[in-house]
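Peer 1: Modelling step: build the complete structure from the supplied sequences, incorporating the hints.
Line order of the protein sequences matches chains A, B and C. Taking this note's numbering, the leading residue of the first sequence gets 1, the next gets one more, and so forth. Taking this note's numbering, the leading residue of the second sequence gets 1001, the next gets one more, and so forth. Taking this note's numbering, the leading residue of the third sequence gets 2001, the next gets one more, and so forth.
Fair warning: there could be bad hints in the mix.
[To be verified] Which residues of chain A face chain B? A few of them, derived with a C-beta cut under 7 Å, are:
#1 Leu108
#2 Arg112
#3 Leu114
#4 Pro115
#5 Val119
#6 Gly122
#7 Val126
#8 Thr128
#9 Val132
#10 Phe253
#11 Asp285
#12 Trp286
#13 Gly289
#14 Gln291
#15 Leu295
#16 Leu299
Quick caveat, the hints were computed from the structure, so don't treat them as lab data. Every value quoted in this text rests on a predicted model; they were computed, and no experiment measured them. Quick reminder that beta carbons are idealized off the backbone N, C-alpha and C, glycines included.
Spelled out, the chains give:
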Amino acid sequence: MQRFLTPNALRTLLPVLSLAALLGAIFYLQPRTMSYFGLNLLLNLAVPIALATIAQMFILCVNDLDLSLGAFISLTACITATWLFDTPFLGILALLACIAAYGVMGALIHLRNLPSIVVTLGMSFVWTGIAVLILPTPGGSAPDWIRTLMTLKPAFVPFPIIASVVIALVVHIGLMRSATGAVLRGAGGNPKSVERAGWSLLRVKVTMFSLAGLFGVLSGMALVGLTTSADANIALRYTLLSIAGGILGGGEFVGGRVSPIGAVIGAITLALAGSFLSFLRLNPDWQIGAQGAILILVLALRLLISARENRS
Amino acid sequence: MTALIQKPWIWAWIGAVSMWLIITIVTDIGAGAEVMSAAASFGTFFVIVAIGQMFVITLGPGNVDLSIPACMTLSATLAMKFMNGDPSLLLPGLLISLGVGLVIGTLNFLLILFLRIPPIIATLSASFLYQSTAIWSNRGLRVKPPELLGDFAVAKVFGVPFLTLAALVLTVAMAFLLHRTRFGLSVLSIGQNQKAAKLAGVRVERVRFVTYVMCAVLAAICGFFLAGFSGGAALNMGEQYLLMSIAVVVIGGTSVAGGFANLTGLWGASLFMFLLVSMLNTFGLSAGFRLIFTGAIIVAVIVISGRKT
Amino acid sequence: MRDKALVSMSGVEKSFGAARALTGVDLEVARGACVGLVGHNGAGKSTLMNVLSGVIKADAGHVSIGGEPLDASYDTARAASLGVRTVFQELSLCPNLTVAENLRISHPSIKGFGWRKSARNVIADQLDQMFPGHGISADAEVGSLSIAQRQIVEIARAFSKVESSIELVILDEPTSSLDQNTAAQLVAFVRSFVADGGSVILISHLLGEILEASDQIVVMKDGRTVAVDAASNFDRDRLVRDMGDVLTETSKFGGRASTKQNAPAVISGGELTVYPGEIIGFAGLSGHGQTDTLVRIFEASQGARNTLSVSEPAVFVAGDRQTDGVFPLWSISQNIFVSSLERLTKGLAINFAQAEDEAQQWQKTLSIRTPDMKNNILSLSGGNQQKALFARALGAKAPIILMDDPMRGVDVGTKQDVYEILSQEAEKGRALVWYTTETDELKHCDRVYVFREGKIMAELSGDDLTEANILSNSFDKEDA
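Peer 2: Structure representation (structure tokens):
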């Protein structure tokens, strides 16, 4: 038994265990959720949160932190609900420009050796500003094809579960199994040696930030598909959720250690945590605080694991 | 002259003066005087929180206090609720505010110390708890300050807001603390090289503790007087102070990488940020553009002052 | 073809700020030969190798590889395409990747479908061939390996045969963490590699290893080459002499009498005991827990609870100046009085006049070469920066001085001055704990603790304090 519960195994298990514990608690509190429709309802917002967490994970992987992600996803949601709906061509161009802007942000951070925290915090105001200009008041409509995709009702397994598995596997193969993925992660683990081996760190940063931008865009689109409208502040809390999800999923703040599968599981756990809190009839005043408390709890759990690691 | 140009704080002041000139030219000298007076009032609040943030940022990479807005809100809410408009409770109210700052600063530091996580994550997640506490305690209402506090917050001496004078005194004291005392030099040494500071005998954790508490206490005091100034404690009262505190520090010529700071620039940068928004208003720009400009200018300043790899 | 030089460097110069790391170096490496490169820390060996492998650019001089002169565009990618592979002194594997994935990082040609399998096979074969019985899985995450295993992986990675050519392998201190058995395996492999026509540059502090593995030996001192000859013309004594150590009659181990143990110990815990007035040496291979122990003594002196009890305040002299010592934004005098802030505080403020006065005194005492102590610390050469760090520690007036291999990059003249000062400080009753990678410096110590794998393996003093005893305790006895 002792052999299997190594710190590494525990770290991998932490997201799975917390998800299982949370699901168990929810099923106990509300047995009716243990059904196709119940799960569909519970996991409603899991897909955009999972996509946001994956986006944050790319940034974490190169030892940076994105504090603008929530604002960015709000912006892409606004674009999706307006331009992409009215004039799809313009909408696609705008979303591509958003991804490119993330790439440029990565290049700036690398070339000028800037603290990503301050740059992204500043950019969050820019994203919100643009979003307010595009959509001054809540509104807009979801393009039909996104709406159709997000409300699919496949047989037996609810759509959010299928989508989460697909997202996790695609990113896992791309980042964890591919030859390019090894270099991208290596740049987080030991940038100097990756550079000495002849790889361009600039290219790595731009790639990772662009990927984050891409998944941010997908998250915004998925969100609009569910809510059918948008506003400039719709996803602000995704900044914290994505960080918490990535860390809960076994990622580290430094050193390039990330896990896409863990990140998706972490995101689902956090999506469920919202439902769980409402089942507990927690005072809505404490909903925001509960998010912070969950993040602190997760970090404390991980600390216990690494303390165990140091002892062994 | 060249010596002046090389001062890290000079650009913030040049920016502030140019903004004011533009506003004055576009409108008229009367409006210019009026906006200057407003800038001094609002800038005072920016400076108070920015002083704390400056000490925190000077501790080095990763050190930023993101709980400032929540701390301001919670301090103002609890204090206003306690006083409930009664001027005789002003002093105990202020003490409650200080207590909130002490508790929040201590909690922030304990999270950083025991969870061994980047301060930015610790203060961010904790700020949600503080914010929830504020929401829970004031139920979304605007709690009015005692009239006396409101009068005090807008009082003027020879045409200069009294709070501005007090903040100037505070600035001088803090400059002394930063440049001439053991504590200040310890902060600067940690910011340059934390490991070397520890090995040189600097009590790193003690200094970080005092710095985070100081930052939270200043935010709490700022929240207290801001509530008096703006007619009550509101849940979103601290909102703009998060970015503003960081922006004012960075634009004021303090190094984001840590280890180098100055207080002169804080005033220039505070006035600049307020006047910038006023100028955008003068040109009739909407909220969206104001946000974009504020964010873009902060990023631009960081990019320009950033170190090349 | 075999006689033609593979690498030819001439007049290579390199400065870092005021510090001149290379002052016109010539070096030739023949095809099918192993060149041993020796010299003290700071002699410029690593800088020279960084130039050759394209990590940094020389300020002046000519370098050609395979007869092709290199221009300003030479970088690590170009070096790789010319078949130059380097094992750097600091580990350069990505700890978050597996052994096989790390091979992929240094060999871009491993890609496409099935790359994991081929990478796994290549590195596993190479490990089996070089280090039989290594016990390292190609799928292990590097972060989970021991330092020695990482070093083995790194060496095997450099010798791996993938698509790109392999002409020259630079090994910068490859054996610092390896046990004798593994080090011998490496030497044997290097011999067979050069027999097949490859070239190797080997840097090592272990002179026996250099003598055994090399065809030719180059000795460096103060940024230039001072001796070049066939390995067969060298022996240990000549190497030591050429490296610049003057072995006089009086300098022998255990030269200081150890009779100061009448006062109560200032440091105690486990096998470790230090009395006032003593100079205690920490020996052993680098990275085997000496620095960690110094840091733990330091932390205990500040009140941290660990296994050591330290009864007096301690100061720390860092050896890795950039990482552990220097405050880069500050002046020389600020860098000195930072450890004396408490003493210099009068009322609320620091007495800067007194601080500057004391700094002036230190400038004279330690002859720190600068026109003004208010200049930035980085305007000093490495050796003078180190003097400032000594001044910081001595000025703090703490009874215990901890030194973490503090003579790196310090010239011989300064060293003699510092040895003299250290001896005086010990006479005054201060306790000195001195970790050094240069065995000869242990001659200044009363007693020596030898470290291996984080533990104290032996305490040597008096007649037992010999180089042979230090070496034999540095290595795993089963392998010796």
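Peer 1: If a hint holds in the structure, say so; if it does not, say that too.
Peer 2: Evaluation of the provided hints:
Interface restraint check: Leu108 (chain A) against chain B, minimum CB-CB distance 6 Å, threshold 7 Å, status holds. The beta carbon of Arg112 (chain A) comes within 4 Å of a beta carbon in chain B, closer than 7 Å, and the hint placing it at the interface holds. Against a cut-off of 7 Å between C-beta atoms, the interface hint on Leu114 (chain A) holds, since the closest Cβ of chain B lies about 5 Å away. Hint status for Pro115 (chain A): holds, given a least beta-carbon distance of 5 Å to chain B, under 7 Å.
A least Cβ separation of about 6 Å between Val119 (chain A) and chain B falls short of the 7 Å threshold, and the interface hint therefore holds. For the restraint placing Gly122 (chain A) at the interface with chain B, the shortest Cβ-Cβ distance is roughly 4 Å, inside the 7 Å limit, so the hint holds. This hint holds: Val126 (chain A) has a C-beta 4 Å from the nearest C-beta of chain B, less than the 7 Å allowed. A cut of 7 Å between beta carbons decides the hint on Thr128 (chain A): the least distance to chain B is about 5 Å, and the hint holds.
A distance limit of 7 Å between C-beta atoms decides the matter here; for Val132 (chain A) the minimum to chain B is near 4 Å, and the interface restraint holds. Residue-level restraint check for Phe253 (chain A) holds (minimum Cβ-Cβ distance to chain B is 6 Å; threshold 7 Å). Nearest Cβ of chain B to the Cβ of Asp285 (chain A): about 4 Å, under the 7 Å cut. The hint holds. For Trp286 (chain A), the interface hint holds, since its Cβ comes within 7 Å of a Cβ in chain B; the closest pair sits about 5 Å apart.
At its closest, the beta carbon of Gly289 (chain A) sits 3 Å from a beta carbon of chain B; the interface hint therefore holds under the 7 Å criterion. Among the interface hints, the one on Gln291 (chain A) holds; its C-beta lies about 5 Å from the nearest C-beta in chain B, closer than the 7 Å criterion. A distance limit of 7 Å between C-beta atoms decides the matter here; for Leu295 (chain A) the minimum to chain B is near 4 Å, and the interface restraint holds. Among the interface hints, the one on Leu299 (chain A) holds; its C-beta lies about 5 Å from the nearest C-beta in chain B, closer than the 7 Å criterion.
This entry satisfies every hint, going by the numbered hints stated previously.
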